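Model the placement of chain V with the ligands on the given structure of chain F, informed by the hints.
The listed protein sequences derive, respectively, from chains F and V. For the first sequence, the positions run 1 to 127 when the numbering used here is used. For the second sequence, the positions run 1 to 584 when the numbering used here is used.
These are computed hints drawn from the structure, not numbers from a lab. In this text the structure is predicted, and so the values were computed from the model without any measurement. Please note that a few of the clues may not be correct.
27 Å max Cα-Cα, derived BS3-like pairs, lysine-lysine [said to hold, decoys possible]:
(1) V:Lys453 x V:Lys489
(2) V:Lys443 x V:Lys453
(3) F:Lys92 x V:Lys359
(4) F:Lys97 x V:Lys366
(5) V:Lys121 x V:Lys295
(6) V:Lys375 x F:Lys97
(7) V:Lys366 x F:Lys92
(8) V:Lys186 x F:Lys92
(9) V:Lys359 x V:Lys375
A few chain V residues that face chain F, going by a derived Cβ cut-off under 7 Å, partial list only [stated by the list, open to error]:
(10) Thr229
(11) Ala305
(12) Ser384
(13) Phe419
Stretches of chain V that chain F covers, calculated by requiring three or more beta carbons in the stretch to come under 8 Å of a beta carbon on chain F [said to hold, decoys possible]:
(14) 308-319
(15) 386-397
Backbone N, C-alpha and C define an ideal beta-carbon position, used for all residues, glycine too.
Chain residues, written in single-letter form:
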Amino acid sequence: MKILLRFTPEIIQEPHIAEVILETGAKLNIDRASIDAVSGEVVIDVPDEKCDKVIKLFRSRGVVVSVLEHPIVLDEDECVQCGACISVCHIKALSFKEDWSITLDERRCNQCGACITACPHRALEFS
Amino acid sequence: MIIVTPRPQWTLPGSMPRLDSSSDFHLHQSNGRYLGITVSYKYYIKLLLCIMFERSIDEINQKIKDGSVHVVTAEQMTEIVDELGPKDAAREVDVVTTGTFGAMCSSGAFLNFGHSDPPIKMQRVWLNDVEAYAGLAAADAYIGATQLSESRGMEYGGGHVIEDLVAHKSIHLRAIAYGTDCYPRKNIETTITIDDLNQAIMMNPRNAYQRYNVATNSSDRTLYTYMGTLLPNCGNATYCGAGALSPLYNDPDFGTIGIGTKIFLCGTTGYITGEGTQHDPQNDFATLMVLGNLKEMSREFLRGATFYRYGTTLYVGLGIPVPILNENIAKKTGISDADIVTNVLDYASPRRTRPTLRKVSYEELKSGVIELDGKEVRTSPLSSFFMARKVASTLKHWIERGEFTISQPIEKLPTDTVFRPMKQIKETPLVKDVMSRKVTTIKKGKSIEDAAKLIMKGQFTHLPVISEDDRLIGIITAWDISKAVAQAKYDKLDRTMTRRVITATLDEPIDVTARKLEKYNISALPVIDKNRKVIGMITSDDISKLIAKRRGFTPRKSKISWAQKPKGFCPIETPKEEGGSREP
Ligand code: SF4
Ligand code: SF4
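Pulled out of the complex, with its shape left as it was, chain F reads as follows (with noise of 0.2 Å):
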């Protein structure tokens, strides 16, 4: 599951995400990051099945969480199914289905905004 970190000024210094992997000996996985000397803005993946615990000892440790459901989000109205941004995604999460629609498999996703940029038509977003 994808997972949204934020850390405020006061406790940006601290090293959260490697102590909570110790703690919970969770395999994580650094999808994004945005870290400036005030804040910072971590997106991870984590294992379905530690994801709770995971969660739990952030949110213990001041850090704001939020589970990203939809990474990207699709403009249907947008959209014209022309699959630009389908070559541009490093890890295939965006395919054609079998009538030439597009498809995202939120799951693979991980934010790193190639096909935002790719999409000539402003049809995709992060949530």
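Frame of chain F, contents of chain V with the ligands only:
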């Protein structure tokens, strides 16, 4: 020899044409003795046509009228021809509908705004800050799909204005003029919708490319092109066109398509007005010029779009009905994705003629991966097959419901035009004409101080770093050194230098080099040979001096930019013409 009237009860096999009158055949008799018959030339033709099978456009329109017409899409026709063969397919099917939905940059619309009071002869006009061409009569303008917004840049352009017009949205209009006795007004600002316009006529000089090249990128950097985002090291390949649904591939000899042909254009009826620009039928790159009433079009089949860091365009939905007049046309409409072959071009080369890496069929392209040098490369169609199908099936329904009839073209499209490159009267200067051949380099393993001394002595800013065997492995600039000193990091050169050096080659046109300098925001490039040996340096100063000389004035001393490379960062660039290649 005498001519006699035939006996009416003569019977002929079912499918043969009936013997008509005395003019159809000649009976030869000599002294009452029967010798034989010769059929007339006219009958012979009739007989041939019968064996060949012919159907007229009038017959088809009659069938459309009485609801008995049999229409299929080009995709369905491929299967029918495959199954029945062209002869029976021709008897079976009356009309085949085609469709395509893709980026067609050479698109736009003529608009007439009516006159203001007091009237203005619009000299320049902007719609939502996108300039439309106003070099026409006072209240006419042409809005082109690729014109960019002056305030929003590539995010919004002519294609979006056209989409917003079709969506009946309000558009901000601003115009200026020089003022005349008859048109005294010099400025106007107002808000319009498509309903306020007298005419809004889509007129696209180049649409519906028969097929198009596939784009990939062998360089080590991402390219942003009119063929979409091309990942480095041939990380992906993009293509366009509708394959077996492609309108012009279903009638490549223009047997039924021509000037005046009625077509589906963005949700309404449109017309072919002639060959498109760059029409190149001999190489299967035929194009069409088309026209239609923008006021009747629907947003479903027309969309503004932005190719990231390239610019704006318009996605156009276009479909042509192909009347099956004979077996030959049926055969052509039987074309499949596997039959349509195109070239994979390497867009890493910014020249007019890009290297062809291989040939590939639409069948392979549509499978989602193609093979390039033993590597599987993922593909993206930039046109929408989903929508192309929708265009073809909508047109099919229109015909079946009797809302759309087939037209006879007034004139055929030319089959012999060729696409020539631009005539250039001045040779483009090459890097070797401009670069300085005196270049100082430094061997790897030396210290920052050594580099600083060399830079001070030579009064330049960029110092290429070379390996033991003289190959270029990095570059260090005065800026890198200042930074290292400021951070008190007196490391070895290798740690401070930039490794991914942007380079130029001897035979590169300087416009290509200038583009690199601008794109990567740098001021000098080492020139290397094929062994990566540094043979010269070219700076933005060299290039500006040359450009100034070409234009005939002496430049002011330009500021030297010390920044070598904002790493991984690429400023938004203004789009540049990339040679004379075909554009979608
Ligand atoms: S954001 Fe990245 S990973 Fe997710 S679908 Fe787009 S390209 Fe694929
Ligand atoms: S690139 Fe955009 S419009 Fe095209 S299929 Fe992907 S999301 Fe849809």
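Cross-check of the supplied hints:
1. V:Lys453 x V:Lys489: With a Cα-Cα distance of about 17 Å, the restraint between V:Lys453 and V:Lys489 holds, given a limit of 27 Å.
2. V:Lys443 x V:Lys453: holds (14 Å)
3. F:Lys92 x V:Lys359: holds (25 Å)
4. F:Lys97 x V:Lys366: holds (12 Å)
5. V:Lys121 x V:Lys295: holds (24 Å)
6. V:Lys375 x F:Lys97: This hinted pair holds, its Cα atoms lying about 24 Å apart.
7. V:Lys366 x F:Lys92: Roughly 16 Å between the alpha carbons, so the hint for V:Lys366 and F:Lys92 holds.
8. V:Lys186 x F:Lys92: Not OK: V:Lys186 and F:Lys92 at ~56 Å, beyond 27 Å, violated.
9. V:Lys359 x V:Lys375: Satisfied, since the Cα-Cα distance of roughly 15 Å is no more than 27 Å.
10. Thr229: holds (4 Å)
11. Ala305: holds (4 Å)
12. Ser384: At about 4 Å, which falls below the 7 Å cut-off, the nearest Cβ of chain F leaves the hint on V:Ser384 intact, so it holds.
13. Phe419: violated (25 Å)
14. 308-319: holds (count 3)
15. 386-397: Our answer is that it holds, as 3 residues pass the Cβ test (under 8 Å) against chain F, meeting three.
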